[in-house]
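Chains as they are written, first to last, in full-length UniProt numbering: chain W, 1 to 321; chain S, 1 to 331; chain U, 1 to 316; chain C, 1 to 575.
Mixed in with the good hints, there may be bad ones.
[To be verified] Derived list of chain W stretches under chain C, where covered just means 3 residues or more per stretch with a C-beta under 8 Å from a C-beta of chain C:
id, segment
1, 78-90
2, 100-114
3, 235-241
4, 254-268
No lab work stands behind these hints: they were computed from the structure. Using N, Cα and C, we set each Cβ at its ideal position, and we do this for glycine too.
The chain contents come next:
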Amino acid sequence: MSDLAPAAREEAAPAAGGEAVSAPAVPVAAGPVAAAQPGARRTRDALHFALRNKKVVGGGIVVLAFLALGLIAPLFYDYGHSEYVGPQSSGPSGEYWFGTTTFGQDVFLQFVHGIRSTFLVGLLGGGLAALIGMTIGFVAGYVGGLVDEALNMLTNIVLVLPALAVLIILHTYIGITSVPSQALFIGIFSWPWVARAVRAQTFSLRTRDFVDLARLSGMGSGAIIRREIAPNMSSYLFMTFILLFGGSVLFAATLDFIGLGPTGVMSLGLMMNNAVHWSALQLGLWWWFLPPGLGITAIVGALYIMNVGLDEVFNPKLREM
Amino acid sequence: MRRYFARKVAIYLLTFFVAVTLNWLIPRFMPGDPVLRMLTRTSVSNPDAIAPMREYYNNVFGLDVPLWRQYLNYWAELLQGNMGISVWLFPAPVTEVILDAVPYTLALLIPSILLSWYAGNKVGALAARRKWLDNTVLPLGYALTATPYMWIAIVLAWSLAIIAGVFPVAGGYSFDLQPSWSLVFFNSLIQHWFLPFLSLFLVAFGGWAIGMRNMIIYELEADYANYLEALGAPRRLIRRYAFRNALLPQLTGLALQLGVLVAGALVTEIVFGYPGLGRLILMAIQNQDFFLLQGAFLFIVIGVLIANFVIDIVYVLVDPRTRTGMTGGAA
Amino acid sequence: MSLRVDNLKVYYRTLRGDVKALDGATFTVADGEIMGLAGESGSGKSTLSKSLIRLDTRMRLVEGGVELDGKPLPIGDQDAMNAFRFKEVSLIPQYAMSALNPTRKIGKMISELLGARGVKYSEIKPELERRLDLVGLKREVLNNYPIELSGGMKQRMVLVLSTLLNPSLLIADEVTSALDVSTQRAVAETLVEFRDREFVKSMIVVTHDISLVYQIADTIMVMYAGKLAEKAPADVVVNAPRHPYTQLLISSLPEVGVRYADRKLAGIPGSPPGLLNPPAGCRFRDRCPLAFARCVEEPPFVEVDKNHHVACWKAQ
Amino acid sequence: MRTRPRYIAALFTAVLLATTACEGGDSGSSGNSSNGGQYPRNETLYTSGSAWGPPTTWNPIVPGYATGTVGLVYEPLFIFNPEKLELEPWLAEKGEWSADNKTYTVTLRDGVKWSDDKPLTADDVKYTVELGKIKAVPYSNLWNWLASVEATDQRTVKFTFSDPRVQEWENWLYENAIVPKHIWESRSEADITTHKNEKPVGSGPYVYQAHAQDRMVWKKKDGWWAEKALNLKVAPTYVVDIVNSSNEVALGLLTSGRLDLSNNFLPGVANLLKGDFKVKTYYAEPPYMLSANTAMLIPNTTKAPMNDVAFRKALAESIEVKKIVEGVYGNIVKASNPTGLLPVYDQYVDQATVSSSGFTFDTNKAKATLAAAGYKDTNGDGKVEDKAGKPISLKLIVPSGWTDWMEAARVIAEGAQAAGLNIVAEFPDAAALDDARTAGKFDLLLNNWTGVSNTPWTYYNYLFQMPVQAQQFSANFSRYQNQAAWELVQKLSRTPSSDPAYKTTIAELQKIQLTEMPAIPLWYNGMWAQYTESAWTNWPSEAAGAPKDFPSTWNNMWELGSIKMLTQLKPVSSK
């Protein structure tokens, strides 16, 4: 569930044709327009446009609102999300905003706890995938040669393996019982497209003057990647992380839904799993299964829309569209 | 071009090799013992029976030879299409169990992948052209692609099958039918197929639509588009070119999305009680049926590899750059 | 008079306000004239060349007018302008390497483009083939995809295509910057030849390479900070420039023929003023060794000699 | 490139057209159209709740066979009547013990035939019993105490015992089906347990009709022996058993009238009964279901502190079973008697012992019991430490996906926590749990492998079986060792029900169970059964005059009388 369509674009050409194909190249950040401006002004500019971009602001507000809800709301409850506190199977009411489960658990409380897990798995899973993907992409793209070949092979293999199937297998053997470990496994299998895209980007940046200059001045490869190449792709990397975040969230929801989620913690996928298993559909307990899906859709959708907005911010050509 | 394909095939073969090895490796070094499973299943209460039965099942599952032999046997059997015997559905061969389920999964996957790709690209291209369409398709597309597959399945099952009663709630075809080449049976198949298909289609459609919309916008900023505009070419021609060029990354995207779509199909099947691979995998997990799980895993890997290869071929057919770039000659 | 530009002002819209990238240009290009257009980046030369054929979405025509062959060119109106493009005004873009649709065979693309412009491909094909011969391209390239052509081939292909309908004005934007020296020369010569054969009436060659301009251009116009600085016959500009900026520009080159490649002029201290709120008066005065009190007034772009226009108080 | 999209578009339209055409048409399948291949609704019984995987084997010897293989196709010599607690002759006409209980003679009914028209004879019975000499056959331990079997004539089989375990034998008699020698004898020893046995040839009322991934279809055969011998006729021409994809899907099928009998655990069914869904259960009110087996909390007594009876007692007192019954199950189960004996054995429960030694939920009492036994909270974390002052941390495992048990486990853990016992619920995969249970690598788990049978002996055998081995496959998962109790269990096995010692032995075992608590009985799992009357009526029910057979299609329920349910059903007359 990682890379949704928006990502396919950045990925584009290297996937099929290798370098020989002139790509509908990675559109962001490294473009001449952005590069011509000094760093501080670029950042200021980006911020300026970001705050005026409806997509970025709207998406950001939705995401932050959910984050705040997940962080704050559980603090107001003196009972746990699994406790039987109310009447069984009752619809939304003033006391139980999202109604109660068939056992009398508070759906709203489960929902806000689920949002916590959602953000956690998104941050950790997306973060890890970004880290792996970028590291491999940078190294492959900068070092080149045999290292590139080997990493490319690795990337291609992981890319073709269907991640869910692999995770199911791994789960069955190892057992994944906490959100961080779930995020870890998701991260391990979501990075390949990032690695490819970053590699292609690095490839093109590697021959730029400022990188040559840094190399001549005796800077090490690691430092060059960190100080010269990465900052020039920072906006792109940030957007990549957003996509990975959304992908991780969806992936985790899928795992939770088929019962491979963490135990003892509430997640939105688990809520759906519970609702389905306890016949909420047949018994008409819509308040049990609609909120978690809506929550995921809202968070991930808002992130994706933010991503398009950021794309417009970082890529001035698109602003007028 | 030959080099291109040779490279691709090499990667696929290597992936296959890794997948098979991984698949073979993991259960053998992880806790869990299929023999014990069978002994538990048959509820042996006679202590004397345990040792001989253990030996017997070890033999049935091919676990009574050294590891390296097991590995070679695994390959040998696999190449003959034999993936061992299911523990959960003992004594049914894994291949047989899987082959019974695969048609259903493919019937969901292939149409939903192709149609969502086609329709998504068309609509996405249209959206890039018209502001009002863009303003509706874009949010809808993002909402759809951000929707978890099972949730859309849940909503469809709840609203259309349970509340409205327009569609059946479970099964591959009506339970009062025997398979036959009749219209009634065909209708029943389609009815049971439609909702799972629709949920897969919708989510994927959203992704392709916004993907195409964004791609086109980038393509319209490409040099060739600028040049054509400077030469006064009408927008229509430029858009046509942009669409076609935008299709290529979308095609690559298709290869990338296969795994995700397969995952979507699995959870969708579970929601709709559709008798495909998804349910089989779920049961295999719950019953720790390693052999069945391995079989299903390999099957998915092979399926994805084949699909990738097909996409590679199509890519070469539609993108002259890969074709001519490799042969180096004019057509 | 082929091209007449009158007090043309084209600004870029930005968040902080208008960037006055082209702030009042008045000049003419005669029939048969190849005019070289030089200047640092940000001098307004690209803005000028772009606005003559297609304003991009951020550019705004503020005032001024353009006449081509006596007819007004509606450069502020994208749709009206379309009728003139290709047929009257044409462009060889800087990005000639990637100007051709990568997924169409070249001939097919040309035929589709012509078809869309109401020209029959079959009728023009013989002429197209002749011109391909002329630039040394095999006719088979029409059956090729752009990727099958080398950089130089693509450059020539674009040259042929852009001039196919015998436009009155051709804008060649940095046509040689991506080519090696020998190819550069060939392209430059082809430009002259096309003019000589009257495939195009007049030409504006935007370039960084003064030596190239010097070789092929009849006149050279130098821009600085959104204003015209000097326009004169090529040898006059190189050998006897009047504007201090042009003088510094020429003298800072070790010898003619070395590219200055869009770098800041090492020999001139300071940098050009921002064009968001440019100071009144001569825009070069902060860096000008000859600056004096009057320079706070804006110097007009006047003819100081025959065909020699300069915007500098000292030159008058 | 130009033609491909058009082709896809055409395909797309075709599919859309087809689907919309279907939407407009007959959405259900309950219509009375007589199209080829359609099972007539009023002759077909739709069931579910038994099969969880595609039908893949019809071999009655090894568990895992398709629903109804034993019961509808293969039949035992006797069936058990749980209402009267006695065996009823089935394939056998009668069975008699010799005076010294050393031999048992079975007389077969006359005229019983296999579905291939060959007669069922004493040889078939002898053959079936002797299959037990193969170690891989689940009932091979029969031969530990059975000496020989001989067919004295066509219809008579004589069993001679080395150790006459009366109760265990009677259990065998109804739990195992007779297979046709003439078909099975050609199979190798390995084949006996691995053969799929497609198109099974049996003596029962149904034969194989068809199967698919998600269903098993049986068709009534002509001339079932019981029609003449017992005047019993199975009503449905077809039995379609739907493979469960999940309980909630079964619920959907049930409420939409596509299912007649669901033996699924349907959460929330209590609501459905109140609502207008035309769903019926055995009882009209709580617990709605008959009790099928006892859900027990199994402590691993080889580990501390579970090896301490005081600890087990406190644990039992900490569990609020009522909360499980009401909260988790919505009252469709009953709290268990402290003895764990199922309601059918009520007559054997020694009420005096129960009231003196039974346990009840009382958190404070649990705390007191712990304190008295030396479990104190020494580090002040609110949870007691063991006697040595080390923190206790225990895991209660139930299979992932068993949603009701998962909830129940949470409730149990909650109760224990409240009493100061640090117990958390965990949900490994079902099979991983099996492994843990078999190998004794667990702290606490839930198990319910003791259900209705001909005798409480099965229950006590389950609790006390010895010797305890490294791997326990079917009984004594607590690994509780009590030689005295085990001897009583063996004694019980040898005691005929008519013997007064039968009841007193059971009472003695109850006492040991209540004082020693090798396992903690919690609630009676229901014999989940929900039926609709849209096509069939006269379902089993508590109502006067209604059939009392077990309304279940679970494997091994057929021989507890469910097969008779099929003979009682009445089709709703078609208009």
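These are the hints, each one checked on the structure:
Closer than 8 Å: that is the beta-carbon criterion, and the segment 78-90 of chain W has 5 residues meeting it against chain C, so the requirement of 3 holds. Only residues whose beta carbon comes within less than 8 Å of a beta carbon in chain C count, and the segment 100-114 of chain W has 3; three or more means the coverage holds. Residues of the segment 235-241 of chain W with a Cβ under 8 Å from some Cβ of chain C number 0, which does not satisfy the need for three, so the listed coverage is violated. Check result for the segment 254-268 of chain W against chain C: holds, 3 residues qualifying (beta carbon to beta carbon below 8 Å, three or more required).
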